[in-house]
Structures are given as structure tokens and as C-alpha cells.
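So the sequences go chain by chain: B and R. All residue numbers for the first sequence refer to the working numbering, where the first residue is 1 and numbers rise by one. All residue numbers for the second sequence refer to the working numbering, where the first residue is 1001 and numbers rise by one.
Any given hint might turn out to be false.
Unchecked claim - Derived Cβ-Cβ restraints for the label pairs, each shown as a range: (1) B:N190 <-> R:M1194: 57 to 63 angstroms; (2) B:N190 <-> R:N1046: 41 to 47 angstroms; (3) B:Q46 <-> R:H1110: 51 to 57 angstroms.
Claimed, not checked - Chain B stretches covered by chain R per the calculated footprint, using a threshold of three residues with CB under 8 angstroms from any CB of chain R: (4) 73 to 80; (5) 115 to 122; (6) 165 to 176; (7) 235 to 242.
Calculated from the structure, these hints are not laboratory results. The structure presented is a predicted model; accordingly, all values stated were derived computationally and were not measured. We treat Cβ as the ideally placed atom computed from N, Cα and C, and that holds for glycine.
In case you want the letters, here they are:
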Amino acid sequence: MDKPIRAGRRQLLQGAAGLAAAGLAAPAVHAQGAVTLRYVGTAVNQHAGIKEKVKEDLGITLEYIPVTSDDVVRRAVTQPNSLDILDAEYWMLKKIIPSGNLMGMDANRIKLVGEISTVFTKGEVAGRKIGDQGTAPIKVSYLPARDGKTFATGQTQWLTLIPTTYNADTLGIRPDRVGRPISSWSELLNPEFKGKASILNIPSIGIMDAAMAVEAMGRHKYADKGNMTRAEIDLTMRVLTEAKRAGQFRAFWKDFNESVNLMASGETVIQSMWSPAVTAVRSRGIPCTYQPLKEGYRAWAAGFGLPKTLSGRKLDASYDFINWFLSGWAGAFLNRQGYYSAVLSTAQKSMEAYEWDFWMMGKPAAQDIKAPDGTVMEKAGSVRDGGSFEDRMGAVACWNAVMDENDYMVRKWNEFIAA
Amino acid sequence: MSSSPPDRRPIGRPVAPLLQAAPLALVLLLFFVFPLLATAVVSLWNYTEYSLVPDVTQRNYVEMFEGCSNLSDGLCTTFRTYLSTLRLCAMVWAFTTLFGFAISYFLAFHVRSDTMRMALFLVCTAPFLTSNVIRMISWLPLLGREGVVNQFLVGTGLVDQPQDWLLFSDFSVVLAFVHLYTLFVTVPVFNSMMRIDRRLLEAAQDAGASGWQTLWHVVIPLTKPGLVIGSIFVIVLVMGDFVTIGVMGGQQIASIGKVIQVQMSYLQFPAAAAQAVVLLGLVLLVIAVMTRLIDIRREL
């Protein structure tokens, strides 16, 4: 970009662009010219707002490559050279780390590493242990060495992912159609809602929702819902198949919009759901509750990983970006959408007090809560479903997972769909 | 194409036609034959959570047909999935053929003016100006529990309560398929019908044949190539589908395409490849039988 400006429209434009970029760039990067980072992940965290802010603050250009969560794994395992930053979920690590394609990130280069939520570093919320069934982040957060292919049991200097967002998932319900309090996962399979229930057709997550229901019905107590034995898989799928044959499910959903449409159109009144989908239904003026249940939540977490092949300027830029991500602005941005961010202390500083009280403390909104684009998400006086961060994350029962018997489980799931 | 004078023709095999065919042959080799062979090879590989292991193993085929020899507790998954897919395929084929034939017949024999015929034919293709995903999804608000059709039915008192079978059922899947694919039958059948010598119809009439006899003994035999080509389109499209069956069936109806998709998403490429090979074999078999019944090339 810093070629001498010669005659010709093209060169002039290039020169102009170069000057513009140089003017905006932060000093460190300015000295080396602009860096572009290829950012592969599901679209969940890939907001235009973050991209603009990164460009403004660091001079780094993020090239978003949105793919499905299946493709995140596939890319990381088969084409690690096609990306610079991987935005992966923690359960994916059980597939990705053995391939040796991710590097252990050096804790010494992450400024706020000590501030990262205890959900990740200790498996605790407010000093209390939370459920660790499934691929809990605490089990897969650390590597024994920079190029480790197995997970470390305790805290080490080498991190697999730096958390970006995490949340606790539960069932969404239509309170106007259900007409009575719902307090247990077992309601998902309650014949009262025959033909009006739905679960995800994503085997590894769907089976865990089913397991929550099976356990709540008292039919079986799992040692680890995120890592079932073959017998447990058989049992869970048998219960699901019975329910399917009895017409319990209206449909299964596979993506975000399907889940919103099923709920909004009244096809279903109770179903597994993601938090922003509930917000989407509510923003259409249709009552929808993200119902806290007594058995607890199924949680998930995502974070940034770096491919082993990354080096030099791109590696430095990636660390800069991750440090920036933890420094507050991005955390506040994500907290305002109902996710939780890795370093809560910095995010709090970037949020208004009333926003913090609503999203994190579970207090009634002192004024209208607005989405990043300015639309009203929640009216003044409303309270977040499930309450505060401690109430919600503290009640996590299990985590999205990959089972040891994954192959077998997928086969059984196909059997269930065919049944 | 080699119309060079005899005295300049090279001795032995002429080269020019080979060269002319080479680009297409290369493209087909690279993008059709090679991937197909790769699929067949990979179907014999082994795999783990995160890697493919080059090998010659029967694992994928064995697992696919696991429990299929034991019929005491119902059909195995693979057979049930194929049965479900074939059943949908048969229904869709029957309806698209019926409608495709009827529409073509009307266009070819009832519409008198050529301009009108072409205009109507273009009208048939108009829906194809929108993406087929949109054409499929637009059925959802129509057929849903609180959709337009149910509101109408309940409103007019034809039924007491909303009908659930309208959506996320075999009905909605077949409806969407027929909507999407009827044109694929209409076009080749229409083409065949337009080639029928009108004097044959007059001759049949002169010989005292009734309308139905003419249809059965003259029109249908002469449109067979179109019917077969249309059928091949529909069967191939439906057998491999997973999107339409997924969306319209509420993900509750099994299809081979869906099984393959799930396996791919869990990085079980060899298992998916094995499924694909079996599916390919079955579809080729169906096509072979159909082309055995009617020699398309001769009829064209």
C-alpha cells in the first residue's frame, strides 16, 4: 500500500486507500502495514459492529467467514491453513485438539487472563461448583504444552480457547398457550403437549435435551449426560422414539429461524430453544418465555482458538485482537445481546448501570433495554428470564458435548428419525 | 463434423473428432468420473472422530446394513429409510407424471395458436424465476396450524379444529415436490408431443378410434421418451433430496439424503460415501430398468 503514487486511476485509488488506512491504524500495526485476519466461526459472534470497532481501534481488518458449526470443525480439522482465528465451541475441541491443528495460547500474552470468568478457570460460579457433565470448558481449557494433543487436568500456561461467549440454554414456552407454570424438563415429553413440542435435529444437542427430560421423568439417572454409555443411548433413544411414534413432536428444527417460526406461528408451544430466538419471537409481540427449570440448564461456551500454522505478524495481530476482545467493548456488546462475556469486570465498565443490572444482576429494567441497532428489546420494568448471572450460570447441569460413543449415537439418532 | 475431402483424410483413426470431444471428456473426467471414483474409494476407508484412515474395510457397509438380516423386530434403519424415500418418490412420480402429462396434452393438442401455446408454456416456467427454497418455504404459512388454509377451513365450518396433517406430513412433502418438479416432466413430455405427426391422430380418428383409444394407442406410446426422461429427472431429484423433505416434513421423515448429510456433518465421510455409493447404485438400477423398457436414443 505504500508504493509511490504514479499516474493512473488505479494507483491513485490504491494510494488513497493506503493513506486512509494508515491514518486510522493504531501505532503498533501502523508501523507494519495493515493486517487482515480470516475469522472462521458461526455467525453468532460475527457482528459488523465488532468488525468496525476493531478496524478503528487496532487497524486490523477482520474477514468474517461465517459457516455452520459442523463446518467450523471440518475447517479446523481438514483445512487449518484457511483461517487465522477460529471461533469454536468448547465441545468441538474434543474433535479438533487431537488433530494437532490448534496451538496452545500463551497465557503470558493474554493480559486479562487472570480475570477470565471462573466458569472457565475453575468450573465455579461465585465460589460454587457448577455442573460439569458433558464437555465442560474446565475439562478442555488447558493443554499440557504448546503443541499438546491431549488436555491438561489442571490450569497450565497453555490455553486451548479464550472464551468469547457462553450461555445457559433451556426450554422456550408460549405461556399464553401452555396456560400453567412449567418447572421441569419432563414437560417436554408430557402427552399434554402432544403434537406441540419440538427438539433440535442436531444429534449431540438433541440427545442431551432428551436426557434432561428422561432424567426429570425419573426413568434413568445418568452418570454423565454428555458422555453416555451405549445402553444409556439406547434407553434415551427408545424414550424419544416412543414419544415420536405417539405424535409428541410437531417438527424438529435445525436452525435458528426454524425454531423462531415454529414458536411464533403456534406450531409448537414448548421446545428446546436458544436465547436470541426467544427474543426474536418476543420482538414480534408474541409472548414467549425462556423458562428456567428446576433440573438446571444445558450450557454452551465458545472461544477463540489459533491455528498452529499462525506466526509472525498475523500471530501478533491475533493476540492483539484477543486482548482487545477481552478489554470491555466487545464484552459489553455481547452482554447486551443476552450472552455472557469472558471478562465481566471490563464489560461492566463499558455498560450503563441499568444495562448491567438488567442483563447481569437479574433486576427489573430501570428503562427500556435496547438492542445494538436501537430497537427496544425489553420494556422498562421487565426482568430477564432466569434472573441473574449467578442464578443462571450457577444452575448449569450439563454442557454441550461430544460423546466417546459419538458414532454410535449418530447412528441411533438416524434410526430415531427413520422410526 | 470431419468433412475434409477424402484425399486429405489421415490414414488410420481420424484425430479431429477426438480433439473435438476432448474438452468435454476432460471436464467429465475431472468433475464427474474422478469424484465418483474418489467417493467409491473413500467408502472403503476407516475413520475416527477427527481423521480419515486410508484402509480397505467393510465397516461402513457392515454398519449400514447392521441388523438388516434380522426381520423379527421390524426393518433395519437403512431399509426403513430407503422404503420411506422410495414411497415418497413413487407418490411424487405418480403425481408429477399425471399433472405433467395433462398440462402438456392441453398445451400440445387443445391450444390452437402457436403464440398462445408458447405464451402458456412460458407461464408454466414463471415460478422458476424465484428460488426453489422460497417456493417451498412459502407453503409454510399457508398450511400451518394457524395458516391460511386452516383459518379458511375452520372459518367456513368445514372442520371443527385446525388440521395438523396439512403440514409436516407426507402430504406437505409430496405437495411441495409436485409443485417444484412438475415442470421437469412437463417440458420433455411437451417436447415429445409436439413431435407427434398430427396426421397420425387424424388417421386414428378416421379408423374409428375413440378419444381414449387414440390417447392410449397413439399419443402415450409416442410420448414415452418424454415420460421416461421426465421420470428420470424426478426420481433422481427426489431420491437425493434432503432439504425439501426436511423443511416440509418437519425433519421427522427419514430420507437417504438426510442420513448422508448428518454423517457428513459429523465428519463420518466414509460412512456417508458408502451410503452415497449404495444410493447411486439403486438410482442407476432404476434408470437402467426404465431405459431398458424404452430405448430413449432410438425414440429421440
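Results for each hint:
{"no.": "1", "hint": "B:N190 <-> R:M1194: 57 to 63 angstroms", "verdict": "60 angstroms, holds"}
{"no.": "2", "hint": "B:N190 <-> R:N1046: 41 to 47 angstroms", "verdict": "43 angstroms, holds"}
{"no.": "3", "hint": "B:Q46 <-> R:H1110: 51 to 57 angstroms", "verdict": "56 angstroms, holds"}
{"no.": "4", "hint": "73 to 80", "verdict": "holds (count 3)"}
{"no.": "5", "hint": "115 to 122", "verdict": "violated (count 0)"}
{"no.": "6", "hint": "165 to 176", "verdict": "violated (count 0)"}
{"no.": "7", "hint": "235 to 242", "verdict": "violated (count 0)"}
The structure does not agree with the numbered hints 5, 6, 7 stated previously, though it agrees with the rest.
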